[in-house]
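All chains should be built: construct the whole structure from the sequences, respecting the hints.
Residue numbers (the working numbering), protein chains in the order written: chain A, 1 to 379; chain B, 1 to 373.
These are calculated hints, taken from the structure and not from any lab test.
One should not assume that every hint holds.
Here are some of the chain B residues that sit facing chain A, going by a computed Cβ distance under 8 angstroms [what the hints assert, rightly or not]:
# : residue
1 : Gly52
2 : Ala74
3 : Phe77
4 : Leu216
5 : Thr218
6 : Gly224
7 : Val226
FRET-style restraints, in silico, Cβ to Cβ [to be verified]:
#  : chain 1 : residue 1 : chain 2 : residue 2 : range
8  : A       : Ala315    : B       : Arg309    : 52 to 62 angstroms
9  : A       : Ala306    : B       : Ala69     : 31 to 41 angstroms
10 : A       : Ala321    : B       : Gly200    : 58 to 68 angstroms
11 : B       : Ile198    : A       : Ser92     : 35 to 45 angstroms
12 : A       : Ala233    : B       : Arg55     : 31 to 41 angstroms
13 : A       : Gly326    : B       : Trp154    : 21 to 31 angstroms
14 : B       : Gly200    : A       : Gly134    : 28 to 38 angstroms
15 : A       : Gln273    : B       : Arg55     : 12 to 22 angstroms
16 : A       : Asn146    : B       : Leu174    : 35 to 45 angstroms
17 : A       : Ala315    : B       : Arg55     : 24 to 34 angstroms
18 : B       : Val182    : A       : Gly178    : 39 to 49 angstroms
Backbone N, C-alpha and C fix where the C-beta goes; we use that ideal spot for every residue, glycine too.
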Amino acid sequence: MALLLAGPQLGWAQAPAATAAPKPAAGAPRGRTTVQYAKGFTISYVAGGKLVTILSPFEQKTTATRYLLVPRGAARPAGYADAHVIETPLRSLVALSSMHVALADFLGAADLVVGLGSFKYASAVPVRQRIAAGKIYEVGQGKELNNEQLVAQHPDLVMATGWPGESLARFQTLEAAGVPVMINSEWVETTPLARAEWVKVLAALLNKEDLVNQKFGQVARSYHRLAALGHHATQRPKVVVGLPFKDVWYVPDADSYLTQFLRDAGCTYAWDQTRAPSGSLALSFETVAPVALAADYWLQTGTAMAKADIVAQDARYAAFAPFKTGQVYNNNRRTNAQGSNDYWESGAVRPDLVLSDLIKILHPELLPAWQLYYYQWLK
Amino acid sequence: MAALLLPVAEVSTAQLAAAPPSLAAAGRRRAAWLLALAGLVAVGFVLDIALGPVRIPLAAVVKILLGRAADNPAWAFIVREIRLPKALTALAVGSGLAVSGLQMQTLFRNPLAGPSVLGLTAGAGLGVAAVMLAGGSGAAGGLAIRALGVGGSWGLVLAATAGAALVMASVLALSARVRDNVVILIVGLMIASVTSAIVGLWQYFSAPEQIQEYLLWTFGSLGGVVGPHLAVLAAVVAVGLGLAFASAKPLNTLLLGENYARSMGLAVGRARTLIILSTSLLAGAITAFCGPIGFVGIAVPHLTRGLLRTADHRVLLPGACLVGAALTLGCDCLAQLPGSQTALPLSIVTALLGAPVVLWVVLRRNNIRSSFS
Chain A
1 MALLLAGPQL GWAQAPAATA APKPAAGAPR GRTTVQYAKG FTISYVAGGK LVTILSPFEQ
61 KTTATRYLLV PRGAARPAGY ADAHVIETPL RSLVALSSMH VALADFLGAA DLVVGLGSFK
121 YASAVPVRQR IAAGKIYEVG QGKELNNEQL VAQHPDLVMA TGWPGESLAR FQTLEAAGVP
181 VMINSEWVET TPLARAEWVK VLAALLNKED LVNQKFGQVA RSYHRLAALG HHATQRPKVV
241 VGLPFKDVWY VPDADSYLTQ FLRDAGCTYA WDQTRAPSGS LALSFETVAP VALAADYWLQ
301 TGTAMAKADI VAQDARYAAF APFKTGQVYN NNRRTNAQGS NDYWESGAVR PDLVLSDLIK
361 ILHPELLPAW QLYYYQWLK
Chain B
1 MAALLLPVAE VSTAQLAAAP PSLAAAGRRR AAWLLALAGL VAVGFVLDIA LGPVRIPLAA
61 VVKILLGRAA DNPAWAFIVR EIRLPKALTA LAVGSGLAVS GLQMQTLFRN PLAGPSVLGL
121 TAGAGLGVAA VMLAGGSGAA GGLAIRALGV GGSWGLVLAA TAGAALVMAS VLALSARVRD
181 NVVILIVGLM IASVTSAIVG LWQYFSAPEQ IQEYLLWTFG SLGGVVGPHL AVLAAVVAVG
241 LGLAFASAKP LNTLLLGENY ARSMGLAVGR ARTLIILSTS LLAGAITAFC GPIGFVGIAV
301 PHLTRGLLRT ADHRVLLPGA CLVGAALTLG CDCLAQLPGS QTALPLSIVT ALLGAPVVLW
361 VVLRRNNIRS SFS
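As structure tokens, then:
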């Protein structure tokens with residue numbers, strides 16, 4: 001859950017991506033896009049508009065929520081009585097999660113962001129500049145949305161994160177005031193590319209299908225090429241992930257996109273086949289300790305900036321093999337002055353960069369020229 | 001040392017000296033109980049080290065504890081670095097909280113009193129929440145709790161200690177002016193309410209994923225106390241227990257009521273300060289290192305009185321130590337859920353297991369009021 005928020009950002013132009021010349025994605029005519037990886041939403045093109053269906057906005061069994069995207073000023077097509085109507089292209093967007101900031105920045109649409117859940121959780125340079133210029137308002141995070149401000153500002157769309165156990169009723173005040181709310185549930189996805197593909201939802205809202213086909217296509221091709229490298233790696237180093245708090249050690253389960261990253265990076269991960277309803281396993285320290293003691297690499301160690309930060313928390317961590325051999329890497333290299341970590345923001349739409357980092361860490365010989373982007377080696 | 005500070009009426013000793021033969025028999029019965037309880041603690045200690053999510057043969061556990069080389073280095077790490085410190089922490093936590101609760105109940109002559117009643121636990125929670133406050137942007141951001149991140153352990157302990165000490169100082173200052181124990185009890189409850197409200201306000205303004213670490217802390221845990229932390233906790237609990245045992249006679253006298261105790265020559269104010277100091281040391285340090293562990297403090301004194309059938313604190317204090325340690329060790333065994341890879345929060349297990357036991361004891365002897373008069 002902490003994965004959804006926290007973090008800084010990069011523009012596409014500065015991204016060190018090594019990709020082939022842009023080509024339109026196969027199978028999608030101009031101005032349209034198709035969904036290849038994501039299981040959480042569908043996009044279909046209907047007479048007079050587009051239909052975006054969010055399949056499990058709040059939890060696995062919830063009925064789908066449909067959004068009808070119609071050109072601004074055009075009449076609503078008949079036959080979609082249950083669908084929420086959103087006029088396209090969007091002119092203003094309120095993003096409640098840093099993930100949504102990443103989606104906008106990926107599509108070169110950062111200037112559409114007029115509101116944020118919290119100023120702290122934005123890394124994208126254009127968005128930070130807009131915050132500094134006073135062009136963005138803060139609407140509160142969690143359950144305490146500033147409805148009055150949202151109604152007064154009347155943005156074209158509020159993009160919210162869906163949480164299990166909630167419903168769209170939480171936003172009924174906004175709906176009643178005519179402010180559309182879209183639930184973005186990228187967290188239901190089980191692979192990095194599926195999670196990143198949610199950028200196509202925003203692209204459909206912005207009529208930027210051609211751009212997203214080109215840019216997401218590049219990311220996907222780059223990711224597949226890297227994953228092929230990882231799968232063919234001869235060594236399978238043993239990896240332990242995360243940092244415990246007292247008795248509890250949360251580790252990603254088999255269906256977590258992080259576990260998919262580890263599979264694609266070519267390593268041995270102890271909970272590769274263990275499933276949990278929440279996407280992570282709450283294990284006792286004692287259960288994870290034997291794995292950590294014998295691991296080759298230790299990844300994602302909370303907010304630690306140096307190995308000393310880790311032992312300061314608990315001296316026992318010094319006994320773990322990766323700690324002794326100096327193979328500890330954290331994903332917080334791109335943490336900005338506000339303390340937000342771009343890994344959780346742009347990393348969501350650039351799984352190719354994340355995978356490059358992981359392969360560079362686990363199999364340095366496979367990507368000799370790569371400089372770590374989100375991860376850093378802890379001294 | 002503390003006994004020198006406190007001129008104490010020898011009433012209870014005199015009574016005991018004149019004890020009829022039947023009382024001597026009761027004394028022997030109590031000694032047998034204490035011995036049995038000590039055995040139970042020993043068994044619980046061994047079980048707590050032997051049981052856990054990772055199955056380790058008992059023979060290997062004993063071998064590791066005796067300092068011999070283990071067949072599996074991971075087992076040695078688990079036994080020496082995880083289970084042994086946790087079992088030792090359980091001993092300190094169980095005995096410390098139980099004794100602190102017993103002292104509170106007697107001082108306030110109230111069966112509902114416990115270490116959390118003086119607001120100590122809430123004060124420690126306030127301290128921890130305060131260091132987790134973000135300096136973020138916006139009015140709401142400044143009131144948000146954030147993940148403490150690394151370097152948390154000593155910071156957490158210091159913050160909790162400072163919070164508990166702040167509350168203790170206020171209570172001590174008040175108790176010097178206010179003579180009525182019930183008023184002090186109410187003051188403690190009100191301080192607890194205020195600190196809880198402040199923490200609640202901060203939580204309200206925090207994102208759910210940010211308060212996870214704080215929530216985990218509030219569940220209570222024995223697992224984070226190792227190395228120098230364990231040494232400091234053990235030392236503070238030892239001092240607190242020493243002060244408590246030194247206050248056994250004043251506690252006996254206080255059972256007769258403050259006015260009567262005063263007329264017997266007890267310096268009630270000094271006795272009260274000593275007792276509050278002892279209970280603050282115990283509850284404050286334990287909460288600082290392990291988080292709020294509810295229930296042991298309020299339940300164990302009742303359980304101990306029910307088992308030992310006495311109001312004499314010279315018997316009750318060691319009894320509460322043993323019962324508290326045994327109960328905490330037992331709850332920790334259950335919290336580890338043998339066969340499961342998940343650990344349960346200790347404070348939930350203590351309440352789930354402890355509440356029915358206390359109900360049973362209280363219902364069996366329905367004149368619990370008699371213990372306090």
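Results for each hint:
1. Gly52: Cβ of glycine 52/B sits 5 angstroms from chain A, so the hint holds.
2. Ala74: It holds, given that the least Cβ distance between alanine 74/B and chain A is near 4 angstroms, below 8 angstroms.
3. Phe77: This interface hint holds because 6 angstroms falls under the 8 angstroms limit.
4. Leu216: Since chain A brings a Cβ to about 5 angstroms from leucine 216/B, closer than 8 angstroms, the hint holds.
5. Thr218: violated, 12 angstroms
6. Gly224: At 4 angstroms from the nearest chain A Cβ, glycine 224/B passes the 8 angstroms test, so the hint holds.
7. Val226: holds, 6 angstroms
8. Ala315/A <-> Arg309/B: 52 to 62 angstroms: For arginine 309/B against alanine 315/A, whose Cβ atoms are near 45 angstroms apart, the range 52 to 62 angstroms is violated.
9. Ala306/A <-> Ala69/B: 31 to 41 angstroms: holds, 33 angstroms
10. Ala321/A <-> Gly200/B: 58 to 68 angstroms: violated, 43 angstroms
11. Ile198/B <-> Ser92/A: 35 to 45 angstroms: Once the Cβ atoms are compared, 37 angstroms apart, the range 35 to 45 angstroms for serine 92/A and isoleucine 198/B holds.
12. Ala233/A <-> Arg55/B: 31 to 41 angstroms: Hint holds: Cβ distance 33 angstroms, inside 31 to 41 angstroms.
13. Gly326/A <-> Trp154/B: 21 to 31 angstroms: Holds: the Cβ-Cβ distance is about 25 angstroms, inside 21 to 31 angstroms.
14. Gly200/B <-> Gly134/A: 28 to 38 angstroms: holds, 32 angstroms
15. Gln273/A <-> Arg55/B: 12 to 22 angstroms: Holds, at about 20 angstroms.
16. Asn146/A <-> Leu174/B: 35 to 45 angstroms: About 41 angstroms separates the Cβ atoms of asparagine 146/A and leucine 174/B, which means 35 to 45 angstroms holds.
17. Ala315/A <-> Arg55/B: 24 to 34 angstroms: holds, 26 angstroms
18. Val182/B <-> Gly178/A: 39 to 49 angstroms: Given a distance of about 58 angstroms, which is not inside 39 to 49 angstroms, the answer is violated.
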